[in-house]
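Could you build the full structure based on these sequences and the hints that come with them?
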Amino acid sequence: EGVEHEDAVSSVALGERRIVSGSWDGSVKVWDIRESKLNPTPILDLHDHDHPVQCVCIDPNARIACSASQDGVVLVWDVRTGKRQRMIRAHKREVTGISLSNTGYDVTTVSNDGRIRTFDLTKGENFLDLAAGEDVSCVETDGDVIFTGGSRGVVKLWDMQQGGENKPRLQTKSMGAKVSALSLSRDGAWLVAGVETAEGKEDLMIYSTS
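The working numbering puts the first residue of the sequence shown at 1, with every later residue one more than the last.
Fair warning: there could be bad hints in the mix.
[Unchecked claim] SDA-like cross-link-like pairs, simulated, lysine to any residue; straight-line CA separation at most 20 Å:
#  : residue 1 : residue 2
1  : Lys173    : Arg186
2  : Lys178    : Thr122
3  : Lys92     : Ser151
4  : Lys201    : Ser174
5  : Lys173    : Asp187
6  : Lys92     : Pro52
7  : Lys173    : Val145
8  : Lys178    : Glu134
9  : Lys178    : Val154
10 : Lys83     : Val145
11 : Lys83     : Lys123
12 : Lys83     : Ala131
13 : Lys123    : Met160
14 : Lys83     : Asp113
15 : Lys178    : Asp113
16 : Lys83     : Met160
17 : Lys173    : Lys123
18 : Lys178    : Met160
19 : Lys83     : Val192
These are computed hints drawn from the structure, not numbers from a lab.
Have a look at this one:
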């Protein structure tokens, strides 16, 4: 197998001394970071997806990584061994965003089917299923709350304890353009949103979560 992906890289996620990347070629690679340098050869080269990989995530301690593909399937990987731990059929349509909780025990996925779903990774069971009311393009979670962004240009905050209530606890005013990316700081204090503007540019919005 070659070192590089054979097609465009669709997603990258950073963990403790590890980077995981996913590609349209259906592969997932894990890279080692040592002393601010990236080892040019991946330590893991994973090829279990049957469709292009849309997004990836990794827990802060780099123990567990998840990858999601355009057929709605999520694969859960042990970063230490490279073994696939579980396959989850998360959505009927492509998974557009994925985020692991800080503990690494559950994963939240979103899709252009408008659903927000959280799964217990020990059992593979879906214990939270919310209707976002729009195509959802990105998600971030710390295990207590979920942040989503979508086609209507709104960032929404959902309480994970709300059960099946399909109503966000908070939401921003519409930015008039699609929210294409979200990133939550390690301490959960700051949220960065990437917005695609009508002029074809991309803006960054920074929010305090407190």
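Outcome of the hint check:
Pair hint Lys173 plus Arg186 does not hold up; C-alpha atoms about 25 Å apart against a cutoff of 20 Å. Between Lys178 and Thr122 the CA atoms are separated by roughly 34 Å; this puts the pair beyond 20 Å, and the hint is violated. Distance hint between Lys92 and Ser151 is fulfilled; the C-alpha atoms sit about 19 Å from each other, no more than 20 Å. Annotation: proposed proximity of Lys201 to Ser174 holds, straight-line Cα distance about 17 Å (limit 20 Å).
Only pairs whose Cα atoms come within 20 Å are accepted, and Lys173 paired with Asp187 is rejected, the gap being roughly 24 Å. With a CA separation close to 15 Å, the supplied pair Lys92 and Pro52 stays within the 20 Å bound. Taking the CA atoms of Lys173 and Val145, the gap is near 19 Å; set against the 20 Å cutoff, the hint holds. About 11 Å separates the Cα atoms of Lys178 and Glu134, which keeps this hinted pair within 20 Å; it holds.
For the suggested pair Lys178 and Val154, the alpha carbons sit about 8 Å apart, so the restraint of at most 20 Å is met. Note on Lys83 and Val145: the hinted pairing is violated, with a Cα-Cα distance of about 29 Å set against a maximum of 20 Å. Proposed proximity of Lys83 and Lys123 is supported: the alpha carbons are some 17 Å apart, at most 20 Å. Taking the CA atoms of Lys83 and Ala131, the gap is about 33 Å. The hint is violated against a cut of 20 Å.
In summary, the hint linking Lys123 to Met160 is supported, as the alpha carbons are separated by about 18 Å, within the 20 Å threshold. Note on Lys83 and Asp113: the hinted pairing is violated, with a Cα-Cα distance of about 30 Å set against a maximum of 20 Å. Our distance criterion of 20 Å between C-alpha atoms is met by Lys178 and Asp113, whose separation comes to about 16 Å. Restraint check: the Cα-Cα separation between Lys83 and Met160 comes to about 29 Å, which exceeds 20 Å; the hinted pair is violated.
Under the criterion of a C-alpha separation no larger than 20 Å, the hint pairing Lys173 with Lys123 is inconsistent with the structure, at around 37 Å. With a CA separation close to 24 Å, the supplied pair Lys178 and Met160 exceeds the 20 Å bound. Annotation: proposed proximity of Lys83 to Val192 is violated, straight-line Cα distance about 32 Å (limit 20 Å).
Checked against the numbered hints above, the structure breaks hints 1, 2, 5, 10, 12, 14, 16, 17, 18, 19 and satisfies the rest.
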